[in-house]
Amino acid sequence: MKELLYPFDSSYIMSKKKSIKRQLLSDGRDRFTKRIAILGGSTTDDIMKVLELFLLDSGIAPEFYQCEYAQYEQEALFPCEELINFRPELIFIHTSGRNLRQAPELTDSREAVDAKLLAEFNRFKAIWTSLKDTFHCPIIQNNFESPFFRIMGNKDISDFRGLSRFISRLNNLFAEYAEENENFYISDLNYAAADFGLRKWADPYYWNMYKYCMCPEAIPAFAYSVSHIIKALWGRNKKALALDLDNTLWGGVVGDDGVTGIEIGQENGVSQSYYEFQNYISRLKPLGILLTVCSKNDEENAIDGLNHPEGVLKPADFVVIKANWENKDRNISQIAAELNILPESIVFVDDNPAERGIVEAQLPGVIAPVMDSVENYIANIDRNGFFETVSLNADDMNRNEMYRENAMRAAAQAAFSDYGEYLTSLNMEAEIEDFTPLYIQRITQLTNKSNQFNLTTRRYTPDEMEAVYNSTEHIRLYGKLIDKFGDNGVVSVVIGRKDAGVLHVELWLMSCRVLKRDMEQAMLDRLVEKCRAEGISTIRGYYYPTKKNGMVKELYKTFGFTLVSQSDDGSTVWEMPVEGYTDQNKYITVK
Amino acid sequence: MNERQILQRLTYIFQDVFDDDRIVITRETTADDIEDWDSLEHITLIGAVESEFRMKFKMNEVSTMKNVGEMIDLIAQRARR
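Taken in sequence, the protein lines are chains B and C.
In this text, residue positions in the first sequence follow this note's numbering: the first is 1, and each later residue adds one.
In this text, residue positions in the second sequence follow this note's numbering: the first is 1001, and each later residue adds one.
The following block holds chain B by itself, in its conformation from the complex:
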């Protein structure tokens, strides 16, 4: 919803939240439910209500539990029955500087301050440990904002007795804990407060009147930033940028002004702003964000512009370049098809409001943030959290490379008239094994973001995946595919639960970038082999339809399974005996 996209009107959101919610709930969109417990140290009602809007807008329908006013610590250490019965799938501990129990005094010794710091950190550690042991779900914890006043002035940040120093040390301890503990995420309240403006944020009026730890006007930006973590955890991040060129990546029109006439580089303020924007975009690449071009230009001019010696981004930084005179919505659909992602995973970046309007109207779900003036470009992408990172692995860093390899594969394929010959020429090798610690993070990540080739669309938190990993009741497989163009990384995951000689396939998914490569057959072959070794006689497969997974509706049928039952909602159950199965993969050498 436009009104919920940065830059937004905070007062509008705060005063119209009821009607915004009503509109969101009546838009007919598919959403999945998540149970979120908010354990707060201040009044959390409005934060919850606004967080709900942002989550609804990203396809998540939250159910909330709120603890009694400021009871976050009690609730964590001694969860009440209501919270236990609520079975939270995520816990958000919303504390702030107002909840600090210990603060340094100017009369304190260095040791006394250290002891206070440790006591405060341990208090929170006990909260996290208790919640982790009881609920095994992701925890989001706020850090602390800089203090509202500074007794010593600037020295407050360098003297061990300064509150600024104390808070900054405590925030560091929180960050270290987050680095060492999976499934624990810091919501950077400190950044949010600074970004909003600390003096207004911390207006004591709202604490003393209503026990709000921030002014109401700050709530939307803060709740938005919390929602980014939540949507990233449940796979609602964007995956690619489709970037316009003229007046978006550089100033001016390359077709009219020529390469020497466009504004990019160090020459003046305008060209420097475009340079900074290109630099920002280039930094998204190692996160695994795919960069593409969608520009109305002759391709030759577009390439010339991207080869501008002062520019940061070069043609090779993009996995797809669409520079032509087609409508942009068609180009974006094609980009999505070529990358095997959904159009709604693409963020469209264009300075022209008319182009943005057409694309958003033609391709519902594609977001086109406002790009009104070049100095705002970075913030208008950054503050929308499209690419919020909850984990970062080697596959992410190599993703652009992988897609470029895919383009080479497509070119190679064109040289073969027979698809089988093409597959043979790829010299594919797969590694299909039980989960290993090395890949568990990637397996969880892939599980939580695969939508299309995904039979059950079941999501797993890191804790749940850990439980599956340690379980003796499950058969697990990950598949990694390598070919002559490169390593595709972990691209497929299968999880089955054993029960009285039957294997119930609870999860079967594959990355769309290895479609039609025989990989799913190779996975099935190995699954059957495992079943035989474990005395399983029947494999039972489940297909649960969503708006996105139509491509695998008939997967079990093509595997040779028999349809057992079908429900009104389109869900199907399939079975295949293990006996008599012959291997189906023809082109991949499995190590």
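No lab work stands behind these hints: they were computed from the structure.
Since the structure is predicted, the reported quantities are computational estimates derived from the model, not experimental observations.
Be a bit skeptical, because a hint or two may be false.
Here are a few chain C residues that sit away from chain B, every Cβ distance over 10 angstroms (derived from the structure) [claimed, not checked]: (1) Met-1001; (2) Arg-1022; (3) Asp-1033; (4) Arg-1080; (5) Arg-1081.
20 angstroms max Cα-Cα, derived SDA-like pairs, lysine to any residue [to be verified]: (6) B:Lys-18 / C:Glu-1003; (7) B:Lys-34 / B:Asp-45; (8) B:Lys-314 / B:Met-408; (9) B:Lys-16 / C:Asp-1019.
In this text, a Cβ means the ideal position worked out from N, Cα and C, and glycines have one as well.
Knowing the structure of chain B, use the given hints to seat chain C on it.
Coordinates of chain C only, in the frame set by chain B:
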């Protein structure tokens, strides 16, 4: 800005905040007259009024405000738009 104009703008704010186009308010309207007007919605309402009229209520005014009439009087004294 006269009292009638303030009341008109306030009515729109009430309708927005409580998401109900049928709400009609008078000087005598109190929290008891509007079902959803609890202490939390009161915060939203005050914020919406403050941003509409570009003014700020003082702490003691917020806690002692008895009805819409008192709100109108404060707005009339202090509104900046």
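So, going through the hints one by one against the coordinates:
| no. | hint | result |
| --- | --- | --- |
| 1 | Met-1001 | holds, 19 angstroms |
| 2 | Arg-1022 | holds, 14 angstroms |
| 3 | Asp-1033 | holds, 18 angstroms |
| 4 | Arg-1080 | holds, 15 angstroms |
| 5 | Arg-1081 | holds, 13 angstroms |
| 6 | B:Lys-18 / C:Glu-1003 | violated, 27 angstroms |
| 7 | B:Lys-34 / B:Asp-45 | holds, 18 angstroms |
| 8 | B:Lys-314 / B:Met-408 | holds, 18 angstroms |
| 9 | B:Lys-16 / C:Asp-1019 | holds, 7 angstroms |
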